[in-house]
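Novice: One letter stands for each residue in the lines below.
Number of protein chains: 2
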Amino acid sequence: MSKLVIVGTVAFDAIETPFGKTDKILGGAATFIGLAASQFNVDSAAVSVVGGDFPQEYLDLLSDRNVNIDGIEIIKEGKTFFWSGKYHNDMNSRDTLVTELNVLEHFNPIVPEAYKDAEVVMLGNLHPMVQQGVLDQMTKKPKLAILDTMNFWMDIALDDLHAVIKNVDVITINDEEARQLTGEYSLVVAARKIHEMGPKYVVIKKGEHGALLFHDDHMFYAPALPLEEVFDPTGAGDTFAGGFAGYLASTEDYSFENMKNAVIFGSNLASFCVEKFGTERMQNLTKDEIGYRLKEFKQLTQFNIELS
Amino acid sequence: MSKLVIVGTVAFDAIETPFGKTDKILGGAATFIGLAASQFNVDSAAVSVVGGDFPQEYLDLLSDRNVNIDGIEIIKEGKTFFWSGKYHNDMNSRDTLVTELNVLEHFNPIVPEAYKDAEVVMLGNLHPMVQQGVLDQMTKKPKLAILDTMNFWMDIALDDLHAVIKNVDVITINDEEARQLTGEYSLVVAARKIHEMGPKYVVIKKGEHGALLFHDDHMFYAPALPLEEVFDPTGAGDTFAGGFAGYLASTEDYSFENMKNAVIFGSNLASFCVEKFGTERMQNLTKDEIGYRLKEFKQLTQFNIELS
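Residue numbers (UniProt numbering), protein chains in the order written: chain A, 1 to 308; chain B, 1 to 308.
Since the hints were derived computationally from the structure, they do not count as laboratory data.
As the structure is a computational prediction, the values presented were derived from the model and not from experiment.
One or more of the hints may lead you astray.
Identical copies look the same in the list; a pair holds intra-copy or inter-copy alike.
Unchecked claim - Here are the simulated DSS-like cross-link-like pairs (lysine-lysine), alpha carbons at most 25 Å apart as the crow flies: (1) K200 x K295; (2) K21 x K141; (3) K143 x K116; (4) K166 x K193.
Could you put together the complete structure from these sequences and hints?
Specialist: Structure representation (structure tokens):
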């Protein structure tokens with residue numbers, strides 16, 4: 001079974017949407033990535049940091065789903081990273097209300113010995129130097145290194161970001177971030193420029209409009225499943241990345257053709273994530289539900305025109 | 001060969017984009033619809049009105065492509081409808097600079113006798129009473145009546161619009177207009193409400209994000225081909241509708257399964273339309289180019305996951 005190292009935040013989120021609001025609930029990129037990847041036959045490990053205030057039951061929730069938590073450092077005297085945000089009515093934009101870095105401020109990731117030879121590394125959204133720090137600990141070059149990032153790091157640590165982007169095979173980034181990173185409005189041109197920065201594969205996430213996968217001159221498009229209601233978009237991008245990474249690690253096939261399947265699975269899992277607050281939907285998601293939704297994705301996209 | 005009646009504007013456009021600007025060039029919904037439909041094996045006729053200032057060569061351009069122009073009335077002493085617009089940098093929004101209705105103000109559409117039994121009627125964007133007027137002239141109920149409209153008619157003629165919507169099989173509408181018409185943000189819910197207004201099939205156009213086809217509880221998604229450059233979006237929606245209508249009329253198969261193919265062809269043709277100003281690209285488009293792009297659409301969307 002392939003090993004998958006996941007680095008990212010494990011956090012408290014407090015979320016407000018037009019449908020309601022939560023107290024502090026379980027959140028964080030590594031959490032969503034781990035829960036999504038746990039749907040596949042893969043030996044994954046989360047690398048993160050939490051404070052003494054982080055409930056054991058949240059850690060159990062991950063390890064119960066076969067996400068190894070040896071790499072989640074607990075700083076007893078510290079407090080867990082906390083993010084609070086409020087979504088606007090269209091659910092496509094949000095305001096950050098609170099960001100308390102807490103233990104994340106001096107986070108020094110430690111990859112557990114047993115995972116230093118992992119086939120796949122998923123670098124969730126964090127400071128690019130932390131992401132590079134994880135890559136540096138790998139004793140064997142991973143078959144696939146995937147990086148997720150956001151505009152925040154482009155604003156304050158662009159050189160570090162460029163340095164780590166150079167070292168990964170795949171980048172997942174949203175449309176606005178791809179535009180910011182390249183100065184190009186056209187996503188086709190933006191993807192080409194990102195290719196030139198290093199990654200052979202570029203995934204541009206467009207939220208409710210799906211995701212585009214680019215490789216050389218090839219493109220593939222995974223739609224988002226149109227939903228009656230998006231309840232809470234928090235974690236959808238991380239869930240997408242976790243499904244993408246988990247599927248690829250489990251199939252051990254890192255070809256472009258198989259990456260098409262991986263973005264479909266990423267989009268599949270993300271479509272569940274947004275149905276409830278935080279991780280709630282991902283906690284009780286079954287393989288049958290994923291299989292049924294895969295059929296829906298096929299019906300949504302597959303057509304049969306004879307080329308004359 | 002099936003007959004297709006197309007009603008809509010035949011016009012002068014003056015367009016400004018970040019790439020340049022034009023003088024008065026050929027435009028209008030019926031023009032774009034007709035040029036797109038002419039790519040298919042269909043006997044189509046345009047119903048419209050122009051002024052004495054409208055060049056014969058523009059009319060020839062349509063009839064050379066087997067679009068019958070007997071239903072294009074020429075009012076010698078009148079002036080042709082003129083629209084001028086300026087696109088913003090992102091190409092997704094535009095300002096209308098000039099709208100001169102001219103001969104369109106008192107347009108009374110006349111369907112040529114030979115086309116009153118047409119199998120397919122494509123009601124391009126016009127006052128809903130004009131659209132209804134065309135339906136009323138059909139001596140045989142069309143196998144498929146398709147209606148395109150815009151927010152302008154929702155603002156000033158909503159009751160008339162509801163009256164004609166009730167009488168068509170398919171509506172093509174953009175996402176913002178679907179939201180305005182129904183008061184629903186979710187396109188899935190909006191489509192259901194539009195179904196209840198009459199049309200069994202609802203096509204929601206999302207510009208660079210493609211188009212969604214709804215029928216009962218079924219959905220299909222046709223992406224837009226991601227392009228390096230969108231030169232001029234004018235007419236893309238009409239070209240989409242023309243490709244959709246032309247394909248369906250030529251295949252004489254009005255099933256949901258075949259409509260999937262029709263929206264792919266609509267998206268295919270629209271992807272060419274935006275490559276040059278106005279109708280320029282559509283004038284010299286070949287069947288080989290369309291066939292090659294169909295392969296690109298397949299590569300963009302088709303995947304092969306075995307359901308276990």
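Novice: For K143 vs K116, is the C-alpha pair at or below 25 Å within one copy, between two copies, both, or neither?
Specialist: Close inside one copy (12 Å), not across copies (65 Å); limit 25 Å.
Novice: With identical chains treated as interchangeable, where does the CA-CA distance between K21 and K141 reach 25 Å or less: within a copy, between copies, both, or neither?
Specialist: neither (43 Å within a copy, 52 Å between copies)
Novice: At most 25 Å between alpha carbons: which applies to K200 and K295, within, between, both or neither?
Specialist: So K200 and K295 pass the 25 Å test across copies only (23 Å; inside, 29 Å).
Novice: For the identical chains here, do K166 and K193 meet the 25 Å Cα criterion within one copy, between copies, both, or neither?
Specialist: Intra 12 Å, inter 49 Å, cutoff 25 Å: intra-copy only.
When the structure is compared with the earlier hints, a violation turns up for hint 2 alone.
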